[in-house]
Structure formats: C-alpha cells, structure tokens
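Given chain A, work out where chain B should sit, using these hints.
Protein chains: 2
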Amino acid sequence: MEHITSRRNETVRAATELRRAPARKQQNAFLCEGARLCADAASSGIRILSLFYTQNSAQKYTAYLQKIRLHVLEEEYLLEPSVAEILADTKNSQEIFCVCEIPQTARITAQQFLQQSAKGCCLALEQLQDPSNLGTVLRTAEALGIETILLCGECCDPFSPKALRGEMGAAFRLSLVRLPSLAEALPQLQRADWRTLAAVPDASAAKITETTFDVPTILAVGNEGNGLQQETIDACSGRVTIPMQGRAESLNASASAAILMWEMVRGNGDKNG
Amino acid sequence: MEHITSRRNETVRAATELRRAPARKQQNAFLCEGARLCADAASSGIRILSLFYTQNSAQKYTAYLQKIRLHVLEEEYLLEPSVAEILADTKNSQEIFCVCEIPQTARITAQQFLQQSAKGCCLALEQLQDPSNLGTVLRTAEALGIETILLCGECCDPFSPKALRGEMGAAFRLSLVRLPSLAEALPQLQRADWRTLAAVPDASAAKITETTFDVPTILAVGNEGNGLQQETIDACSGRVTIPMQGRAESLNASASAAILMWEMVRGNGDKNG
Numbered sequence: 001m002e003h004i005t006s007r008r009n010e011t012v013r014a015a016t017e018l019r020r021a022p023a024r025k026q027q028n029a030f031l032c033e034g035a036r037l038c039a040d041a042a043s044s045g046i047r048i049l050s051l052f053y054t055q056n057s058a059q060k061y062t063a064y065l066q067k068i069r070l071h072v073l074e075e076e077y078l079l080e081p082s083v084a085e086i087l088a089d090t091k092n093s094q095e096i097f098c099v100c101e102i103p104q105t106a107r108i109t110a111q112q113f114l115q116q117s118a119k120g121c122c123l124a125l126e127q128l129q130d131p132s133n134l135g136t137v138l139r140t141a142e143a144l145g146i147e148t149i150l151l152c153g154e155c156c157d158p159f160s161p162k163a164l165r166g167e168m169g170a171a172f173r174l175s176l177v178r179l180p181s182l183a184e185a186l187p188q189l190q191r192a193d194w195r196t197l198a199a200v201p202d203a204s205a206a207k208i209t210e211t212t213f214d215v216p217t218i219l220a221v222g223n224e225g226n227g228l229q230q231e232t233i234d235a236c237s238g239r240v241t242i243p244m245q246g247r248a249e250s251l252n253a254s255a256s257a258a259i260l261m262w263e264m265v266r267g268n269g270d271k272n273g
Numbered sequence: 001m002e003h004i005t006s007r008r009n010e011t012v013r014a015a016t017e018l019r020r021a022p023a024r025k026q027q028n029a030f031l032c033e034g035a036r037l038c039a040d041a042a043s044s045g046i047r048i049l050s051l052f053y054t055q056n057s058a059q060k061y062t063a064y065l066q067k068i069r070l071h072v073l074e075e076e077y078l079l080e081p082s083v084a085e086i087l088a089d090t091k092n093s094q095e096i097f098c099v100c101e102i103p104q105t106a107r108i109t110a111q112q113f114l115q116q117s118a119k120g121c122c123l124a125l126e127q128l129q130d131p132s133n134l135g136t137v138l139r140t141a142e143a144l145g146i147e148t149i150l151l152c153g154e155c156c157d158p159f160s161p162k163a164l165r166g167e168m169g170a171a172f173r174l175s176l177v178r179l180p181s182l183a184e185a186l187p188q189l190q191r192a193d194w195r196t197l198a199a200v201p202d203a204s205a206a207k208i209t210e211t212t213f214d215v216p217t218i219l220a221v222g223n224e225g226n227g228l229q230q231e232t233i234d235a236c237s238g239r240v241t242i243p244m245q246g247r248a249e250s251l252n253a254s255a256s257a258a259i260l261m262w263e264m265v266r267g268n269g270d271k272n273g
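Residue numbers (UniProt numbering), protein chains in the order written: chain A, 1 to 273; chain B, 1 to 273.
The following block holds chain A by itself, in its conformation from the complex (with noise of 0.2 Å):
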C-alpha cells in the first residue's frame, strides 16, 4: 500500500478533481466521502476503484473500511492528514474516500430510456439548482420505491459531494436518465405510450389527489425558483397541482417533490373524486 505524504501527490490531485463536474463526466468517475457513504458505495455493488484514508480512521472506522476493502478494484492508499484534507468536502472528514465509477444505471440517455417499454412511474426534475434539493429529492424517491428519476437540462449533478450527502446512496440504486432538455424529448416520451404531467402551482390544473397513477406516468417537476418552463407545460400531456389551504408559495422544491410523489404511490384506486 502507497503511503501519501504530499499533497502535491498526483493520484491525490486526480481524486480531488472530481470534485468538479467536469471532471467526473470526463471521466465517468465520482469521489466519495464518509466511511457509512463508501461502504453503501460497496454494497450497493458500485465499482471501486480505489481508496484513500488516515491511519485515524482505520482505527476509527475499522468495520466499514473492512467492507469496503473487499470491493476495491486497483490501489489503496495511506494518507497524512494534511493530504486528507485537501480531499475532504466537509469540516470534520472522516477521512476515507473511495473514487468510484458512475453505475451504468445512473447514466441511461434517452435513447436507451425510449428502448424500454413504458411503465411505473418516473418523476422528471427540471433544471433543478441546489444539490441538497437533489439530494433530498433522490433520497425520498427510493423511500418511496420510485425507480426512475429523469435529469433534465441543466440539472444539478446527483454524484456532486453536496448532493451525495443528502442521497444516503440513493444515486448508486436509482435509474438515473439524462436529458439534455426535457421539452424536445416530451413528444417521444409521448409515442413511447407515457403519460406525462407537468406539476404546477395553479388551482386550474388537475388536483393531485384525483389522479390516478394506473398508466405509465412522468411526472415533471421545475427548478427552485421558477418552476417549470413554459415550454415543458405546454408539450405535457396534462397539468396537475397540489391543492392546498395554507400559503402555498411557501412550499419548497423538495417537500412538494415528496407530496407529488407520495401522491404516485399512495395507492391507486383509492383517490377522491
């Protein structure tokens, strides 16, 4: 096993460029951090390729490490801290890092995602901004058992260290589709026999809790600050929104997310109206 001492180490330098977006699409691999973080990273059968830590957190997290040790593919290496830190996303690392490739699940493009047969229900984000939204977002769709999430545009990066923070490791077990924009891709979608449903905060729209989910659905979901394009809500089949009493501008991107899509699974059959 290497044993880093400076931080000008160039395998350290490559690890911590991924860091950035392009590096990780460049190279179809993503670093993550946090002994818990990595040791989901292996069981969830994700390609490891290689991994760093402290002599400290060996002591510390001896458990974890011995988990993951089992599925590194090339190199494991020992690092100073002073090295560790310049890896570390967070205040009070962990220490253990693993660079991992992107599960081919996590990269479908739309070609490959026409070529399935239509069924369940996906939930399409739009330009989605901040990474803790995405990843609370990723996070209650697997708690939901929603499989399928689409990427549309300029949507943040699910493998970012901000967003992986918040998955609990739902992008290593999602489908994760791209598409670069999801109002050229909506027509396809729609000969591909999916309903798709643009959600959107307007008392006109379909209720959410009187539609029913028996047919393939998307359900698309907009960004932050100004929901969905005009162009996406117009090439969806229908329009739907959470009715609401309270102050409704006051729900956030990710609790409405969750209500939209608790409402897809809630069970079938059993709407009102």
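Please note that the accuracy of each hint is not assured.
Within a straight-line C-alpha distance of at most 30 Å, the following computed DSBU-like cross-link-like pairs (lysine-lysine) qualify [said to hold, decoys possible]:
no., chain 1, residue 1, chain 2, residue 2
1, A, Lys25, A, Lys91
2, A, Lys119, A, Lys25
3, A, Lys91, B, Lys162
4, A, Lys67, A, Lys91
5, B, Lys207, A, Lys207
6, B, Lys91, B, Lys162
7, A, Lys207, B, Lys119
8, B, Lys162, A, Lys162
9, B, Lys91, B, Lys25
10, B, Lys207, A, Lys119
11, A, Lys91, B, Lys91
12, A, Lys162, B, Lys91
Honestly, the hints are just simulated from the structure, not real lab data.
Relative to the frame of chain A, chain B by itself:
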C-alpha cells in the same frame, strides 16, 4: 441616525449576542438577517426594535428598506461593511439586519395552550436537532395550513439564524407552543380532548392513509436519528405510520413530516380503507 464604524460598538455587540439561543431567551428577541426576511417580519406584524444596514445595501434594497423602516420602533443604524460582517450569519450577506421581538404567538406555554379548546390538527416535534430541518418543517406546515406546532423537549430554536433562513418567515405567523416534555404533557392534552398520535416507522401501526383527522389531533414526530422517545409513544393514544414500498429508512425527517402533514390536511372523509 447613528453611524457605527467600530466593531466594538456596544449596540452591535448586543445584537450579535442574539445569534445565540440563551441571549434570545433572556432578551425575548432575535436577530433577523436579509432584505426579504426583514421585510417579511415587518409585514407579519413583528415588533422591529432596531434596524442595521450598510450604505451599499441601502442602494441595493431600497424598496425593502422603505417597507421595513415604517415599522422600526427604536433606532436605525448605518454600518460600515466591516461591522456588518460580525452580525452576518451568511457568507454573502445582504447587510440588512433587524433586532426583533419574539412574538407572543411563538412562545405559547403549555398552560396557555391547554386553556384553548382543542380543535384542528397540530404537529408536535420532539427534540428536532437540525435547524434546517426545523425550518423546512415549519415552512411546509404553513404552506399546508397547519397553524400550530408544539416544540417539545430539547428542540432546536426556530429563531436561530439558520432556522430562520429555512422558514421563509413561517415562525412569524405560526402558533408555536413550547413543551419541556411531550411525554409528561400527553395525559393533560388527552384530558383536554386532544387525540394524540405517535408517528412511528412500524408496519404494525395504523396506516396514516387510513386515519381520518376529523377530531382534534396532535401528531407527534420524533427527531432525525432516533424518532420519538419510547415513553412518548407509550403515552400517546395511538400510533400511525407511513405505509411504504420502497426503502423506508431513507425517508428523512422533513420529507416524512411533509407527508404526514399532507395526510392530515389532504381531505378527510376521502381516506382509503
């Protein structure tokens, strides 16, 4: 108007103190940061004791400042940017701050609450630890029209700078009841005609989707890591759960609170089961 140029100015020091919980409790006041949030405090009828801003922010947020100024009870202060820095809780501060009185509606005692007749639905949060989670929960409660929240045990403070940022002003308008111990208060609440339900991740509990909310109900939700205390669960009149097909343990505190509150308000009489 006083112009404050020294970071050692006593008025600024006293305002800075309000970033900490003990000072807020002692002085019954909080520090509000940001043009929009301060204006929101003003339009929500919060008593604004003093206003602080920089020359730069006065130019940038003229409309907000005009609105806030109409409500300042004591004094306005012009700050040098270096002084504003010590009041700021965010990296890119807007350099507008108000010292405000914590409203009566946000410090309802158990006794006061018990004197009101039981009606509607309330959420009780036991020992919620993360101010961002608390912020999101309060914001979601307001959005959904749930007007009373019981903050129980060592629950974090809704008037901390971090909680305030997530709340979108919800704490200015909600009724917030402080209970030192939920478990101990439950018998009294039940005698006062409240039904008390404990939210638990347990498939043997009643499904929230089959629970109607046509009687006055307090729904208790536990903290992020450990849920409700066992003695609280035992003292409640019933237990409810979110029925899930996915990876239920992945649901985070604010998402599960959103779904629970949604089920409380989503429409009685239309429940499945």
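Hints, one by one, checked against the model:
no. : hint                 : in the structure
1   : Lys25/A to Lys91/A   : 26 Å, holds
2   : Lys119/A to Lys25/A  : 29 Å, holds
3   : Lys91/A to Lys162/B  : 17 Å, holds
4   : Lys67/A to Lys91/A   : 25 Å, holds
5   : Lys207/B to Lys207/A : 23 Å, holds
6   : Lys91/B to Lys162/B  : 12 Å, holds
7   : Lys207/A to Lys119/B : 27 Å, holds
8   : Lys162/B to Lys162/A : 18 Å, holds
9   : Lys91/B to Lys25/B   : 26 Å, holds
10  : Lys207/B to Lys119/A : 27 Å, holds
11  : Lys91/A to Lys91/B   : 16 Å, holds
12  : Lys162/A to Lys91/B  : 17 Å, holds
Of the numbered hints listed earlier, not one is contradicted by the structure.
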